[in-house]
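Residue numbers (my numbering), protein chains in the order written: chain A, 109 to 526; chain B, 109 to 526; chain C, 109 to 526; chain D, 109 to 526.
Any given hint could be a false lead.
All copies of an identical chain are treated as equivalent in the list; a pair is satisfied when it fits inside any one copy or across any two copies.
[Claimed, not checked] No farther apart than 27 angstroms at their CA atoms in a straight line, the calculated lysine-lysine pairs in the DSSO-like style are these: (1) LYS204 / LYS360; (2) LYS318 / LYS376; (3) LYS360 / LYS373; (4) LYS172 / LYS360; (5) LYS373 / LYS204; (6) LYS469 / LYS360; (7) LYS130 / LYS498; (8) LYS172 / LYS280; (9) LYS318 / LYS130; (10) LYS498 / LYS376.
Hints were generated in silico from the structure; no laboratory data involved. Please read all numbers here as calculations on a predicted model, not as lab measurements.
4 protein chains.
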Amino acid sequence: MSRSDARPTLVELANSFQRVRKYSLDLVSPLSEEDMQLQSMPDASPSKWHLAHTSWAFETFILKPYFPNYQDFDPSFEYLFNSYYNAVGEQFSRLKRGLLSRPNLATVLNYRLHVNEHMQTLLNKENDENHSLINLVQLMTNHEQQHQELLLTDVKHALFINPAYPAYQKAKQPNYHPHPMTWTSIESGIHHIGHANETFYFDNEGPKHKVYVEEFELANRLVTCGEYIEFIENGGYQESSFWLSEAWYQLKEKNTLAPLYWVKKEDKWFHYTLSGLIPVDLNAPVTHTNYFEANAYAASINKRLPTEHEWEVAARIVTKQLREASPTQAPNGCLGSGLQQMFGELWQWTSSSYNAYPGFKISEGATGEYNGKFMVNQYVLRGGSFVTPKGHIRPSYRNFFYPGASWQFSGIRLAANA
Amino acid sequence: MSRSDARPTLVELANSFQRVRKYSLDLVSPLSEEDMQLQSMPDASPSKWHLAHTSWAFETFILKPYFPNYQDFDPSFEYLFNSYYNAVGEQFSRLKRGLLSRPNLATVLNYRLHVNEHMQTLLNKENDENHSLINLVQLMTNHEQQHQELLLTDVKHALFINPAYPAYQKAKQPNYHPHPMTWTSIESGIHHIGHANETFYFDNEGPKHKVYVEEFELANRLVTCGEYIEFIENGGYQESSFWLSEAWYQLKEKNTLAPLYWVKKEDKWFHYTLSGLIPVDLNAPVTHTNYFEANAYAASINKRLPTEHEWEVAARIVTKQLREASPTQAPNGCLGSGLQQMFGELWQWTSSSYNAYPGFKISEGATGEYNGKFMVNQYVLRGGSFVTPKGHIRPSYRNFFYPGASWQFSGIRLAANA
Amino acid sequence: MSRSDARPTLVELANSFQRVRKYSLDLVSPLSEEDMQLQSMPDASPSKWHLAHTSWAFETFILKPYFPNYQDFDPSFEYLFNSYYNAVGEQFSRLKRGLLSRPNLATVLNYRLHVNEHMQTLLNKENDENHSLINLVQLMTNHEQQHQELLLTDVKHALFINPAYPAYQKAKQPNYHPHPMTWTSIESGIHHIGHANETFYFDNEGPKHKVYVEEFELANRLVTCGEYIEFIENGGYQESSFWLSEAWYQLKEKNTLAPLYWVKKEDKWFHYTLSGLIPVDLNAPVTHTNYFEANAYAASINKRLPTEHEWEVAARIVTKQLREASPTQAPNGCLGSGLQQMFGELWQWTSSSYNAYPGFKISEGATGEYNGKFMVNQYVLRGGSFVTPKGHIRPSYRNFFYPGASWQFSGIRLAANA
Amino acid sequence: MSRSDARPTLVELANSFQRVRKYSLDLVSPLSEEDMQLQSMPDASPSKWHLAHTSWAFETFILKPYFPNYQDFDPSFEYLFNSYYNAVGEQFSRLKRGLLSRPNLATVLNYRLHVNEHMQTLLNKENDENHSLINLVQLMTNHEQQHQELLLTDVKHALFINPAYPAYQKAKQPNYHPHPMTWTSIESGIHHIGHANETFYFDNEGPKHKVYVEEFELANRLVTCGEYIEFIENGGYQESSFWLSEAWYQLKEKNTLAPLYWVKKEDKWFHYTLSGLIPVDLNAPVTHTNYFEANAYAASINKRLPTEHEWEVAARIVTKQLREASPTQAPNGCLGSGLQQMFGELWQWTSSSYNAYPGFKISEGATGEYNGKFMVNQYVLRGGSFVTPKGHIRPSYRNFFYPGASWQFSGIRLAANA
């Protein structure tokens with residue numbers, strides 16, 4: 109659930125709805141029907157499923173309650189494309205989403221059209237005072253954008269299984285230049301945390317509240333691949349003292365030696381990207397490190413990860429430096445002065461467990477299942493990656509994953525005690 | 109590997125090659141690209157994979173060694189489509205065949221064309237004295253036919269996952285009539301077991317050898333769904349004394365209450381078929397019972413399963429009653445006198461563990477991996493089902509599966525001590 | 109690792125060392141050799157192992173570095189009784205501690221004597237200026253006390269496996285009286301968190317630091333068994349909206365219907381205690397609820413768990429109400445006014461993930477593995493239970509377990525937003 | 109269940125009962141209470157459990173039905189010490205036998221006394237015409253002997269977990285001398301299989317029946333450790349063509365490089381025996397090879413394992429060469445001419461799946477669960493090992509284990525086609 113204090117007009121909403129819905133189709137244009145069928149692990153979903161589930165969300169939470177006499181496109185979809193909303197009903201097994209060859213892609217595309225048409229009709233005839241509708245349309249549009257990002261991370265994971273390492277699309281890689289790591293000091297004091305202005309935000313970004321933050325230092329940029337290779341080659345994956353106990357146990361179990369998507373060929377490191385397998389750029393920020401790796405890297409050089417409070421406090425200081433990030437292309441590698449790569453480069457692990465802010469209340473109804481029920485054992489990431497929708501890039505946005513998850517575009521920003 | 113004492117001519121071979129290759133394409137014609145991508149369990153493979161792997165077999169075992177200067181269609185396929193031949197090299201993970209969206213279907217179909225053209229060229233220019241080539245072409249043609257049967261069992265399993273229970277194809281169901289179970293007595297004595305004439309056979313069907321079989325009785329027909337429902341409804345799945353210890357343990361673990369593909373709706377039994385979900389026909393033979401269920405059913409009425417020797421001895425007596433069976437349509441349900449439903453109705457579990465016949469020797473080279481290395485912990489089935497290629501229906505043919513396997517078209521023929 | 113600003117004298121230390129060492133033997137006096145061999149799950153250890161491991165800790169961290177020419181009791185013990193200190197070396201598999209019948213109990217008791225004698229000798233001849241030694245002796249004495257508590261929780265778990273539900277010891281149950289739940293309001297403001305005086309504390313209790321806490325309310329007492337039965341019988345375990353997503357999934361998987369150790373007999377609830385199976389006392393605080401259950405219970409009545417900061421702020425207010433708690437006997441059930449049952453009754457789950465305090469630094473060497481490396485995916489419990497050593501009961505003490513862990517004496521204290 | 113055509117008198121029975129019961133106690137005399145508590149894997153049981161379960165068998169199958177007004181020693185034992193007899197009732201979890209510290213050893217020994225006294229009373233007052241009683245006493249006495257053998261194999265497995273490799277007892281190792289492998293040819297023909305005289309036998313050894321066996325050759329002795337080391341060092345564990353497919357998969361999964369209990373130290377092979385860790389004797393027969401290893405070794409030198417029919421036919425020829433074997437001491441290593449080491453040296457894997465003989469019928473009642481329900485996926489071993497009770501060493505005795513089982517004293521006898 110989300111809250112928005114300055115609601116858009118229906119005309120604005122209808123425009124953003126169309127834009128977002130169309131962009132999902134743009135994202136799958138490089139994919140075949142067969143590609144869109146793939147589910148490579150329980151955490152990931154087929155592209156076709158993402159297209160259907162996002163439509164299901166508009167149908168379930170908006171069309172069914174608000175569109176008079178709405179006829180479902182197909183009654184079985186209520187069950188098939190429900191992700192995890194127990195209040196809506198039982199769900200088709202998450203582990204078997206890749207086994208739904210029917211409905212086929214053509215049917216799912218028709219489902220999208222059906223939903224789009226009814227949504228347009230609804231938005232055209234409603235008035236701007238229907239706040240609950242407006243809130244839901246905003247939420248579901250933002251929800252579809254979250255799935256656009258997931259679609260890319262999931263496709264990357266699925267195509268990587270293929271020993272041909274096929275590219276999702278050819279794209280020019282940004283050019284990164286060497287840049288020394290320096291430290292910005294931030295003074296202790298009481299700060300406000302949480303969504304601060306009147307635009308849309310997710311429920312987990314609020315309520316806005318006060319925290320006391322001790323003085324700390326934050327690195328000006330993300331850790332680079334070159335620095336991370338040094339960690340690997342100095343035996344970082346073999347030195348237990350750098351690792352959390354649980355991480356060390358998993359490392360030994362799985363014999364992990366490098367981040368996900370890294371491949372060593374004839375003594376050179378390559379990594380698999382949405383543009384295929386390419387040599388690792390030493391100046392690029394290291395990505396697909398999970399929480400355990402980020403933590404271990406920090407420990408190896410006597411630093412630590414920032415808390416989400418620290419990160420947000422720093423982020424508010426640098427929001428003016430916000431750079432543009434296009435969803436599937438890494439940002440330009442030139443770094444200026446001050447805190448860099450805070451937004452739209454890579455998600456940055458914080459040391460904060462994902463939990464409710466003081467005063468947080470789960471909303472009534474199914475949309476209450478949106479965020480609150482995941483608040484255990486996950487860690488907060490901040491900042492957004494180059495595949496994050498631009499509209500989701502803000503200081504208060506809280507992403508969250510399990511500490512062992514590696515398939516997101518996640519990187520490492522270091523902090524230090526003052 | 110196989111042996112054939114009366115070799116066909118190259119012209120005959122080329123004809124059967126074409127027929128078989130075309131039939132694989134006929135079988136996938138009701139399927140979409142998405143359907144053909146599905147792998148619903150490690151034991152099953154995607155239809156697309158079956159199409160590619162059978163081509164790989166011709167390419168690997170015939171074109172590469174026999175076609176001068178043969179150029180692979182794609183060198184990566186040696187690894188991708190090798191099923192389990194260690195002598196050929198490493199194999200792509202069996203568990204992940206459903207994750208190969210590339211090569212796409214169009215490429216696999218081109219691969220088939222490429223192989224077909226080179227095979228035709230080879231068969232046209234070779235002469236009938238090249239026995240090793242002829243043997244291999246026969247073997248690989250029969251191999252493709254085995255995969256045609258697997259393709260259908262695997263597709264059935266994959267589509268069943270879908271809660272819509274989609275039909276592979278609409279087909280008229282045969283009409284079964286009630287028919288009492290009677291018993292044929294077969295005298296004790298020494299019998300010959302194993303392939304007996306000069307046509308093609310698989311290596312595991314030989315060598316022909318003598319066995320002593322005690323007097324026994326064999327049921328005239330397969331156990332029906334009606335009889336099996338009685339077993340279920342009399343508490344057969346709750347009575348431990350009917351079940352092998354290992355079976356009982358699995359039953360409790362998985363809470364099994366009926367055969368695979370059976371669904372109870374409002375107190376009526378339905379089962380999923382290649383034509384979708386239909387009511388169970390009480391007179392039809394029960395199918396998809398695994399070895400454990402076949403055994404338990406027999407125990408529940410103080411009967412037993414036949415050994416494979418007993419079955420083969422009886423089968424030789426009735427070969428003249430052989431009926432035609434079309435691959436994907438169940439045979440006509442009218443039963444006459446004598447032993448019925450021995451061939452081409454359902455595979456029949458025997459109590460015999462799959463093992464080598466006396467004097468059996470594994471062939472040299474990769475084709476030696478065809479049968480021998482699976483001779484442990486599997487049980488022999490005889491007779492062929494309605495989806496078995498007609499040419500594979502013979503008294504000596506030995507099919508084999510793990511005792512817990514249910515996704516084959518397997519039924520129950522009872523035997524009794526004299 | 110730990111810090112202590114007001115160090116005890118060696119004489120004081122030697123006394124507490126003796127007392128603690130003796131008390132471990134008192135705790136195993138109701139147990140047979142066979143009982144002391146049991147390991148009922150990977151998280152628990154045999155009593156014999158606890159006796160040996162605590163001796164190993166004195167030997168490894170104190171005798172070997174500080175006792176001139178110290179001879180190990182048995183060189184193989186370095187490996188056998190190392191729990192998880194990678195800096196010391198490899199460890200015998202945690203999962204197989206219950207399979208070490210040798211050394212037998214008599215040998216382990218001799219090992220204890222050997223360590224005790226050398227420790228006494230060492231403490232007698234050292235002087236009070238050897239701060240590092242004093243710190244280590246304090247730490248290892250406190251470490252043994254932690255294992256005394258674990259020994260009891262582990263024995264309870266092991267004996268519960270036995271269908272006879274044997275009692276560890278017969279003991280009088282406290283008598284609990286009904287007591288209404290009321291709420292104490294605590295104002296917002298900046299508070300100090302962390303160990304505040306000069307006595308011994310564990311490293312994870314510091315550094316002392318400031319936090320800003322919003323206004324909140326805390327319940328005067330723990331949730332009772334009667335209240336929890338109401339939750340159960342109103343369908344609490346069947347209502348997904350009360351549960352975290354991960355909890356709900358596990359609940360369905362394991363078909364959990366009540367807390368660990370609860371047994372329903374002829375419609376009445378019993379629970380297994382260290383004194384055997386007894387009827388549930390409706391006025392007693394509910395125990396062996398894990399984090400998921402504590403959370404769900406709170407959600408079911410629109411309350412929440414306190415954060416560890418909130419708990420500590422409240423605890424400092426009530427430290428004057430501290431009651432005595434004897435290790436293996438539940439405290440008297442009479443409740444007065446104000447915040448009750450804060451200390452020495454049951455550990456109280458907080459909503460705080462176990463993490464480092466600002467400025468926390470892992471110590472050098474093996475004792476640095478004491479706390480820091482477990483700071484992921486665990487949740488903090490506060491207050492201590494009736495089997496917690498009295499000396500460990502203080503406002504700053506942080507216990508931590510995985511959210512699914514139930515075998516500790518853990519209960520539920522509710523909080524609410526102001 | 110078993111049959112015996114020449115029944116012993118009650119006096120004879122009472123004597124053998126006493127002897128066998130006492131021998132179980134002799135076997136545990138080198139063990140401590142703690143040793144007797146160990147269960148190192150689900151397939152193995154604690155020694156204390158073996159002592160209790162064998163008493164349970166006499167109590168359940170004989171005292172309860174035959175001793176007038178028999179009072180159970182403890183009613184809870186019916187459940188606790190039932191191994192797998194569903195007809196008797198539910199069973200305490202097999203996986204948790206090692207977690208029963210209560211009843212303690214003293215109680216179990218009292219249980220044995222109680223059962224012994226009642227059995228003596230019963231045998232004294234019954235008459236020799238009570239055939240069903242006599243049959244049951246014979247069966248249960250033989251059953252206890254089977255558990256004596258299991259007790260030793262299970263103790264060996266449990267003590268091996270201990271890195272100190274403790275010896276069960278010190279014993280002189282037999283001295284083996286080099287002896288060339290030669291081959292005995294046995295002609296084809298009809299042979300009788302199954303128990304042939306009037307002494308006691310287990311139900312699975314009958315009915316006696318005819319089989320036709322083709323001409324074959326059998327090795328004069330078992331494969332030696334020296335020969336097996338050659339197999340290992342020539343890369344036998346790395347050559348897939350020697351291994352059954354299922355075996356190869358497990359080998360890679362577990363990274364197996366040698367038989368169970370083999371340990372390489374500084375380039376020399378040792379193996380763990382009941383007398384502790386000792387250097388491998390190159391002339392001793394290799395033991396603890398499972399079916400997969402036996403099969404692979406045979407394949408590596410173009411031989412095979414015998415069928416159980418072949419083995420029994422050969423065994424009948426050499427029964428006159430029967431050597432004495434004492435239960436816990438390996439037999440003298442001198443080999444003469446003819447077929448050697450057929451009996452009482454090591455169990456010999458046959459290629460025969462464990463199945464019912466023609467005409468086999470499961471007995472009525474709980475004793476019908478003795479053998480028949482295990483007839484799937486196991487392989488027959490013949491001959492008996494040096495820890496097999498002498499009375500169980502006969503040509504018709506059929507032992508059976510899963511092909512991956514290694515903890516029995518099993519060796520390799522080779523066969524070859526004529």
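Right, here's what the structure says about each hint:
In this assembly of identical chains, the alpha carbons of LYS204 and LYS360 lie at most 27 angstroms apart only when taken from different copies (18 angstroms versus 29 angstroms within one copy). When the C-alpha separation of LYS318 and LYS376 is checked against a cutoff of 27 angstroms, the pair qualifies neither within a copy, at 48 angstroms, nor between copies, at 48 angstroms. Proximity of LYS360 to LYS373 under the C-alpha cut-off of 27 angstroms is found in both arrangements, the shortest distances being 22 angstroms within a copy and 24 angstroms between copies. In this assembly of identical chains, the alpha carbons of LYS172 and LYS360 never lie at most 27 angstroms apart, being 50 angstroms within a copy and 29 angstroms across copies at closest.
In this assembly of identical chains, the alpha carbons of LYS373 and LYS204 lie at most 27 angstroms apart only when taken from different copies (23 angstroms versus 34 angstroms within one copy). With identical chains, the CA atoms of LYS469 and LYS360 are at most 27 angstroms apart between copies only, with a shortest distance of 25 angstroms across copies and 40 angstroms within one. With identical chains, the CA atoms of LYS130 and LYS498 are at most 27 angstroms apart within one copy only, with a shortest distance of 16 angstroms there and 52 angstroms across copies. Taking CA atoms no more than 27 angstroms apart as the test, LYS172 paired with LYS280 passes in neither setting, with 44 angstroms inside one copy and 40 angstroms between copies.
Neither within a single protomer nor between protomers do LYS318 and LYS130 lie at most 27 angstroms apart by alpha-carbon distance, with minima of 40 angstroms and 49 angstroms respectively. When the C-alpha separation of LYS498 and LYS376 is checked against a cutoff of 27 angstroms, the pair qualifies neither within a copy, at 34 angstroms, nor between copies, at 55 angstroms.
In this structure, the earlier hints numbered 2, 4, 8, 9 and 10 are contradicted, and the remaining ones agree with it.
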